[in-house]
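Chains as they are written, first to last, in the UniProt record's numbering: chain U, 1 to 283; chain G, 1 to 245.
No wet-lab data here; the hints were simulated from the structure. The model shown is predicted, which means the values in this text are computed figures rather than measured ones. Hints should not be assumed to be uniformly reliable.
Unchecked claim - Covered stretches of chain G (chain U as the covering partner; in silico rule of three or more C-beta atoms under 8 Å from a C-beta of chain U): (1) 22-30; (2) 36-47; (3) 97-108.
Claimed, not checked - Derived DEER-like restraints, expressed as beta-carbon distance ranges: (4) U:Arg197 / G:Glu29: 33 to 39 Å; (5) U:Phe109 / G:Glu173: 47 to 53 Å; (6) U:Phe109 / G:Val113: 31 to 37 Å; (7) U:Leu39 / G:Arg139: 29 to 35 Å.
Ideal Cβ placement from N, Cα and C applies to all residues, glycine included.
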Amino acid sequence: MTRSDTAFTPSAVQLDRVAWRRRQTIRSILVAALSTAVLGALLVFAVTGAPGWDRVRQSFLDPSIAADALPDVLRGLWLNIRLLVFCALGSLGLGLVIALLRTLRGPVFFPVRALAVSYTYTFRGLPLIIVIYVLTLGVPGLRLQGMPSVLVLGGAALVLTYSGYLAEVFRAGIESVHPSQVAAARSLGLTYRQAMRHVVLPQAVRRVAPPLLNDTVALQKDVGLVSLAGPIDAVRAAQISTAEHFNYTPYIVAGVLFVLLAIPLIAVTDWVTLRAARRQAGR
Amino acid sequence: MTAVLACQGVRKVFGSSVVLDGLDLEVAEHEVVALIGASGSGKSTLLRCVNLLEELDDGTIHLDGSHITDPRVNPDLVRRKIGIVFQSYNLFPHLSVLDNITLAPVRVHKRSVSSARAQALELLTRIGLADKASAYPDRLSGGQQQRVAIVRALVNAPRLLLLDEVTSALDPELVGEVLDLISDLKRDGMTMVLATHEMNFARQVADRVCFLDGGRIVEQGPPSQVLDAPVEPRTQQFLRRLAPA
Ligand SMILES: Nc1ncnc2c1ncn2[C@@H]1O[C@H](COP(=O)(O)OP(=O)(O)OP(=O)(O)O)[C@@H](O)[C@H]1O
Ligand SMILES: [Mg+2]
Chain U
1 MTRSDTAFTP
11 SAVQLDRVAW
21 RRRQTIRSIL
31 VAALSTAVLG
41 ALLVFAVTGA
51 PGWDRVRQSF
61 LDPSIAADAL
71 PDVLRGLWLN
81 IRLLVFCALG
91 SLGLGLVIAL
101 LRTLRGPVFF
111 PVRALAVSYT
121 YTFRGLPLII
131 VIYVLTLGVP
141 GLRLQGMPSV
151 LVLGGAALVL
161 TYSGYLAEVF
171 RAGIESVHPS
181 QVAAARSLGL
191 TYRQAMRHVV
201 LPQAVRRVAP
211 PLLNDTVALQ
221 KDVGLVSLAG
231 PIDAVRAAQI
241 STAEHFNYTP
251 YIVAGVLFVL
261 LAIPLIAVTD
271 WVTLRAARRQ
281 AGR
Chain G
1 MTAVLACQGV
11 RKVFGSSVVL
21 DGLDLEVAEH
31 EVVALIGASG
41 SGKSTLLRCV
51 NLLEELDDGT
61 IHLDGSHITD
71 PRVNPDLVRR
81 KIGIVFQSYN
91 LFPHLSVLDN
101 ITLAPVRVHK
111 RSVSSARAQA
121 LELLTRIGLA
131 DKASAYPDRL
141 SGGQQQRVAI
151 VRALVNAPRL
161 LLLDEVTSAL
171 DPELVGEVLD
181 LISDLKRDGM
191 TMVLATHEMN
201 FARQVADRVC
211 FLDGGRIVEQ
221 GPPSQVLDAP
231 VEPRTQQFLR
241 RLAPA
């Protein structure tokens with residue numbers, strides 16, 4: 001067993017090593033701070049010194065117009081957030097189901113497999129805008145009873161398209177799990193479904209978590225496309241406000257809000273990626 | 001008394017190569033049989049066929065007198081009665097040692113989590129790995145992983161345990177601890193078929209040694225006879241090549 005460390009005193013060599021590493025760390029931080037400051041100063045100088053800077057500042061960075069546009073853009077952003085949550089969950093679920101259908105073996109499931117394959121081909125190939133138009137403009141034309149709102153139809157279009165991508169990500173994960181894992185599970189008496197559920201999927205999902213999250217970040221920007229069919233999202237709200245003021249500042253407001261919204265998601269993605277890389281290196 | 005395992009005329013073909021060519025093998029209760037033979041002679045293939053991981057091209061396999069290679073038999077039910085341990089451990093990397101061991105008892109045999117855990121801990125204590133119960137497989141040494149894999153196969157209380165070169169991926173110092181565990185199992189009366197390249201291992205634990213060549217068992221008998229005084233020329237040749245000159 002490993003001995004406990006209580007009675008350990010580091011040697012002079014080790015103390016020297018630790019001290020040297022600490023000095024190196026402090027030096028690196030100072031160098032980084034200095035080079036950042038220099039680069040920042042240069043950038044500010046270059047931009048504000050440009051001949052057209054005053055005009056650009058007036059038409060893109062007007063504080064009073066920003067304050068005026070903010071409430072509308074925020075209201076639009078709330079729609080983006082609700083759509084994002086609904087569509088992310090929907091396409092993750094549907095994508096997983098389609099990936100699983102594609103892995104089914106046996107002649108009975110041939111039509112199911114074929115359907116799943118053509119699904120991923122179709123919706124990865126079809127431009128999202130066309131799917132949105134077809135669902136939000138075409139489907140209501142059927143005048144069926146109990147037709148959902150345009151917003152729901154637009155969300156469904158996003159789910160259809162994104163689940164096509166996510167299904168392929170899930171499938172890559174499932175196929176990356178070595179067949180010996182399935183053999184080991186089956187040899188313990190687990191059925192195919194149990195092996196999938198308890199052995200293959202947990203490993204697969206862990207492996208593809210970074211690309212899945214990455215697609216969610218992309219989805220965050222694409223949900224705004226439902227505004228093509230009428231609902232007002234943040235970008236559309238900014239567009240309206242821009243037209244009212246003859247000034248582009250509302251776009252900058254919307255842009256900043258989008259970045260702020262993306263930061264937590266991107267940070268989580270980076271963290272998960274890093275953790276996955278560490279786990280790989282750990283073996 | 002019927003044999004625990006009975007293979008009759010087992011044939012297995014991969015493409016154009018005939019790996020098993022009408023092989024016969026019977027294993028009695030509490031018997032330990034070692035399969036030896038050159039690399040590629042079909043030892044692993046035979047074990048995989050018994051565990052229904054491969055489909056036969058001819059012949060039959062019976063377990064406790066019931067025909068398991070009948071296509072109408074549910075392979076999941078058969079596999080629950082047979083434990084198999086592979087050369088490359090194949091522990092589940094996303095599960096702790098304890099969860100690796102209790103997965104089948106809980107999911108397949110519908111045992112309660114607490115009783116499965118208690119039994120798993122008891123087995124881990126027996127092999128001296130109780131303090132690793134919550135560790136993940138990648139934190140264990142090769143010998144420790146292989147012992148966990150054996151314990152994982154044992155919690156199902158199998159009628160038959162198949163071991164495929166369980167020591168060949170291990171450093172020499174680690175081989176001993178795995179061999180000790182297998183000797184313990186033999187003492188407890190476990191029926192085992194093991195493929196091995198280590199003649200000393202076969203000599204220590206096996207009641208009977210079978211030499212595979214050309215898809216059949218060419219020679220079999222107690223270790224002292226097959227390993228020390230083989231009569232078949234092919235067995236003699238195989239052993240001569242192994243022995244340090
Ligand atoms: N899935 C497969 N597809 C094609 N050929 C295979 C397959 N599995 C095994 N073989 C072939 O069958 C033969 C027997 O392989 P097997 O693994 O049973 O040998 P072995 O006796 O276990 O050898 P070793 O001692 O090296 O483990 C080999 O020639 C191998 O290439
Ligand atoms: Mg082998």
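In ascending order, which of the hints set out earlier in this document are inconsistent with the structure?
1, 2, 7
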